[in-house]
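*Asks:* If you want the building blocks of each chain, they are given just below.
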Amino acid sequence: MKRPGKLSVIAVHAGLAAAVAITLYPVAMVIKKSIEPGKNFALSASPIPHAVTLDHFRELLSTRASSGELLFLRNALNSAVVAVAATVIGLALATSAAYALSRFRFRGRDVSLGSFVVVQMFPATLLLMPLYVLLNRLGLLGSLFGLVLVYATTAIPFCVWTLKGYFDSLPVAIEDAARIDGASAWGVFYRIALPLARPGLAVTALFSFMTAWNEFILASVFMTDERAYTLPVLLNSAVGEHAADWGLFAAGALLTSVPVMALFYALQRHLVGGITAGGVKG
Amino acid sequence: MKQLGPYALAAAAALVIALGSFAAYRNRTFSEAEVARAEAAAEAAARGQKAGPAVIAAAVVLAPKKSARYPFLSHRDAIIGGRTVSLGGPGSPAIHKRLYDAANHCDDHGAFSELSGDSGRVIAAIPTDRGTAVAITQPPSPPEPLPWAILGGLLAIGAVVAYCGITVGGAARTIGLAVGASGLAAPAYIWSGAIPAAAILVIAVAVAALDARGSLRRAARALHEGRIAYAFLSPTLAAMVVIVCVPFVVGLGLGFFDHHRGEWTFVGLDNFAHILSGGGHSLADPLNFWFTVAVTLAWTAVNVILHVTLGVALALVLRKPWLKLRGTFRVLLILPWAIPSYITALIWHGMFQSEYGAINQILATFGLDRVAWFSSWTAAFTANVATNTWLGFPFMMVVALGALQSIPRDLYEAAATDGASAWQKFCHITLPSLRPALGPAVVLGAIWTFNMFNVIYLVSDGQPGGSTNILVTEAYRWAFERGERYGMAAAYATLIFIILAGGTLGIGWLRKRRAR
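Going down the list, the sequences are from chains A and B.
Numbering follows the working numbering, in which position 80 of the first sequence is assigned residue number 80; successive positions increment by one, without gaps.
Numbering follows the working numbering, in which position 261 of the second sequence is assigned residue number 261; successive positions increment by one, without gaps.
Please note that the accuracy of each hint is not assured.
[As the list claims (entries may be wrong)] Pairs of lysine to any residue residues, derived as SDA-like cross-links and limited to a Cα-Cα distance of at most 25 Å, are as follows:
hint, chain 1, residue 1, chain 2, residue 2
1, A, Lys32, B, Lys324
2, B, Lys512, A, Phe264
3, B, Lys425, B, Arg326
4, B, Lys66, B, Ser31
5, B, Lys97, B, His75
6, B, Lys512, A, Asp110
7, B, Lys320, A, Lys32
8, A, Lys6, B, Pro321
9, B, Lys320, B, Leu411
10, B, Lys512, A, Arg107
11, B, Lys50, B, Leu151
12, A, Lys39, B, Lys320
13, A, Lys6, B, Gln424
14, B, Lys512, A, Val221
15, B, Lys320, B, Ser141
16, B, Lys320, B, Ile429
17, A, Lys39, B, Asp107
18, A, Lys32, A, Pro259
19, B, Lys50, B, Ile95
20, B, Lys324, A, Arg269
21, B, Lys425, B, Arg435
22, A, Lys39, B, Gln463
23, A, Lys32, B, Leu316
24, B, Lys425, B, Leu316
25, B, Lys324, A, Glu175
26, B, Lys425, A, Val9
27, B, Lys320, A, Leu7
28, B, Lys97, B, Arg83
Honestly, the hints are just simulated from the structure, not real lab data.
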């Protein structure tokens, strides 16, 4: 392919740099706010702080719940437990369903496939009240396990779609060969298909984890005790109705986002292939 | 025995219905008997007679007297077993509290009797000229056991009838199945009337008819052939049904009720009529449903167009082979996706603040006027769109990058040899290859944007005057900010679902028609 002129190369690089600058600006503002003294959001547009302090982090990490526990750490632990558990359960369910939908032709296949799309259209507000009643009946209201159940299932439709696409893109020949050699249906799935689908699984796990880690509305309605809060609920209370403390919020936002960003960075290689493998095939 | 499969199917369904009608019958007779006993005990107490067996407490509670020390408290005495006792106070038994409450309730609302579902206790209270007679009873014996002998006997007789019919074959098979499976209709009729009995009869006849048409055998074969697939699929489907589908159906049902201070009243289609007629607001009023629909559609369209355009453009640039620092650019551009959307929304809300928000500071440095971002519809809508575009373009970019990877480079080289211009290459090679991957992504992105609660709620919060609300935030406000009108919220959510499902079906239909 021919190389364009020097001027347009520079223009493209400058354009991309501008796009990156716009992308990074809000992030830079959060970093700035988290290390700048004061509670207000911003007194200048410059992303460089006028003074540096670690007070916000110190305050965030040392705030105690009424029970004497360190609130942020406790809530971070809640978030981590919920997100990991929801990912494991959700992924296990989504993988087997996606495999069935990709590899087998059976009655009701199209209906189940369609229903996974339709489910995406249920507004969370519609599910909020009935779920509240359901969890209340099961005695799971305010418990982390209830949250895990809800997150795992609500993440399933999207996971099934991406994973089904990924399985579709894998060659069937290896699995057929294994079957001829006498492998059971479970053996083919567990020993052949799963290892091959690892990149797709990684990306799907990432989405599952993010959905649970970031969810805010359901958690804020279901969780009433501050010790059972997840991070989004805690963070929102920092900029609640009365006294917004943006410094505290920024510090918390940073600490909350870092794990997800690290996961994203680690998996970004697989991201491009993992999400579109199925789409390309239609 | 294997031939009895259709019978087993019908019998299992009939058994469930029969057990249900027995439970209903048992609860009804039990509560009637217990309430009658409690009322008799209260009357006995009113006449000063001794309480019968299994009566926990029977008393005549005398009229309340104001407490001397605390005028807001009132004090009641009761005659229990001929002695006058003071109700309440330190060390008094817990049952006295129940007597006190029941007497108060009776004074306010008249005679009543109430069965507590868990323990089977009944509290009955009747006003008398001496005071309020109250009795609390405990059931003397456990409820009737399930009539297994009757159920089992009828099932066995039914099995024999069905087996005979099946052995003879032909029409006898169908008749035998229908008759054999309807046996349980008789006790169900005795216990709970015509409805459960009719249900059992319908099931029996339906199973017999399906069996005659061979549908059952075909379904069984399909189930058997697809058993591995079903085994893989069923745990997920079960979880989805319990956590998503059941609440969804309940949510749809709530749309037909009105909720006011904890009371649900059935109002039929009133909620929908109220919403669809605009609720008495003019079309230009933000509280009119159709105004919100228009805002939501504009919101979705603008966002999806921006996401796709930006995403594809950046993906195309990122694919240029001569690009320096490609990996770095890509990672940094995906970053917004990695940040929780509620954090993003709150940050942008802060940056759009009119006094010291960063955006206005930047505008000021360029010599532009400050904008009061949340006081005009256009500005507030722009702020929402800017936030959501920042949030949403990386997804489309990643999808486009993936789709571009699958285009062989030879295609471009061949086109170049044929003298195609860059624009022609884009229209005839790039776009067609993007479509299969972008199509589903656009549908998914449109659904997400349509229901994007966080950005609207946290950035503009519907300002000014609720005019930037979209349908989801409007539904949320009905539920949580306008006096817990859950019924209205559910009706709103139902309409959202109908619009989205209709839209997606319409797009699918159009695509199919064009493909043909």
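*Asks:* Let me make sure I understand: some of the numbered hints might not hold for this structure. Which ones are they, in numerical order?
*Replies:* Hints 1, 2, 4, 7, 11, 12, 14, 15, 17, 23 and 25 contradicted; others consistent.
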